[in-house]
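A.B. asks: Sequence:
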Amino acid sequence: VHNRAELRWKLANVADVSYFVVQKSRDSKDWENVEGQIPVEASIVHEYTFADITEAYTYYRLQSVSIDQRSSWSPIEQINCKDAAYAFRLLENPVHNSLRIGIHSQSTMPTKIIIYDMLGRTMLSQDLNIGTGSNDVQYPVSGFAKGSYQVQVVFRNEPVWQSRFVVN
Numbered sequence: 002v003h004n005r006a007e008l009r010w011k012l013a014n015v016a017d018v019s020y021f022v023v024q025k026s027r028d029s030k031d032w033e034n035v036e037g038q039i040p041v042e043a044s045i046v047h048e049y050t051f052a053d054i055t056e057a058y059t060y061y062r063l064q065s066v067s068i069d070q071r072s073s074w075s076p077i078e079q080i081n082c083k084d085a086a087y088a089f090r091l092l093e094n095p096v097h098n099s100l101r102i103g104i105h106s107q108s109t110m111p112t113k114i115i116i117y118d119m120l121g122r123t124m125l126s127q128d129l130n131i132g133t134g135s136n137d138v139q140y141p142v143s144g145f146a147k148g149s150y151q152v153q154v155v156f157r158n159e160p161v162w163q164s165r166f167v168v169n
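Numbering (our numbering), first residue to last: 2 to 169.
None of these hints come from the bench; they were simulated from the model. Ideal placement from N, C-alpha and C gives every residue a C-beta, glycine not left out. Each hint should be verified, as a subset may be incorrect.
Said to hold, decoys possible - Computed spacing ranges between beta-carbons, pair by pair:
{"id": "1", "residue 1": "K147", "residue 2": "S26", "range": "28 to 36 Å"}
{"id": "2", "residue 1": "E33", "residue 2": "R122", "range": "18 to 26 Å"}
{"id": "3", "residue 1": "Q79", "residue 2": "P40", "range": "21 to 29 Å"}
{"id": "4", "residue 1": "R71", "residue 2": "R122", "range": "13 to 21 Å"}
{"id": "5", "residue 1": "I115", "residue 2": "A16", "range": "15 to 23 Å"}
{"id": "6", "residue 1": "K30", "residue 2": "T133", "range": "27 to 35 Å"}
{"id": "7", "residue 1": "Y20", "residue 2": "N169", "range": "15 to 23 Å"}
{"id": "8", "residue 1": "T109", "residue 2": "Q163", "range": "19 to 27 Å"}
{"id": "9", "residue 1": "K30", "residue 2": "I115", "range": "35 to 43 Å"}
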C-alpha cells in the first residue's frame, strides 16, 4: 500500500498474547526481527506499517509470544517492494539525543516530518526536501521527556509512513 509493507492482524484472545515481533526474510528460511517487541493492546485488530530501506525483503511473518513465553508464527506472506518510490526506517530506537530517520527516494520531493507525543500533541513539525537516493535526517529530542512518541512522514499531504520510538 503506497509503496510500503502494511500488516494487519486480528487476535482471537487478547488475554493470551504478551507481544508480537514482525520478522523478515530474503529466502523464507533465515529470519530477522524488523523491530523490537510490539505490545498487545486491548483491541483485537492490530496494524503495523513499515518500510525496508536497504533491500527488498520479500517474505514476512508475525511471531506471537504468549504470557508464558511460548511462540507461534503466522503464515508467511510474500510481497514485492522492488518498485517502491520511497522507503523509511528509524536508524536507532530507543533514541537518546536525536531521532534519525533513513529515507530512500527515487525522486526529489517535498516532505513533512511530524513528531507526536502519545496524547497526539505535535512536538515537532518540519518541512524539508528529500533528495533522490538515500537521505539521513535528524531531529533533536534531548528536550523531550522520556517516553514513547510517534513520527510521521507526509508526502503530498498524505501520511505515507509512521513509527513509534522511545526517548531514553
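A.B. asks: Look at each hint and say if it fits the structure.
C.D. replies: Tested hints:
1. Between K147 and S26 the CB atoms are about 34 Å apart, so this pair conforms to the stated range of 28 to 36 Å.
2. For the pair E33 and R122, the supplied restraint of 18 to 26 Å is violated, since their beta-carbon distance comes to about 34 Å.
3. Taking the beta carbon of each, Q79 and P40 are about 27 Å apart, inside 21 to 29 Å as hinted.
4. Between R71 and R122 the beta carbons are some 38 Å apart, a value that contradicts the proposed interval 13 to 21 Å.
5. Look at I115 against A16: about 34 Å separates their beta carbons, and that is not inside 15 to 23 Å.
6. The supplied range of 27 to 35 Å is met by K30 and T133, whose beta-carbon atoms lie about 34 Å from each other.
7. Separated by about 19 Å at the C-beta atoms, Y20 and N169 satisfy the suggested range of 15 to 23 Å.
8. Between T109 and Q163, the C-beta spacing of about 22 Å keeps the proposed range 19 to 27 Å intact.
9. Checked against the hint of 35 to 43 Å, the C-beta distance between K30 and I115 comes to roughly 38 Å, which is consistent with it.
When held up to the earlier numbered hints, the structure conflicts with 2, 4, 5 and fits the remainder.
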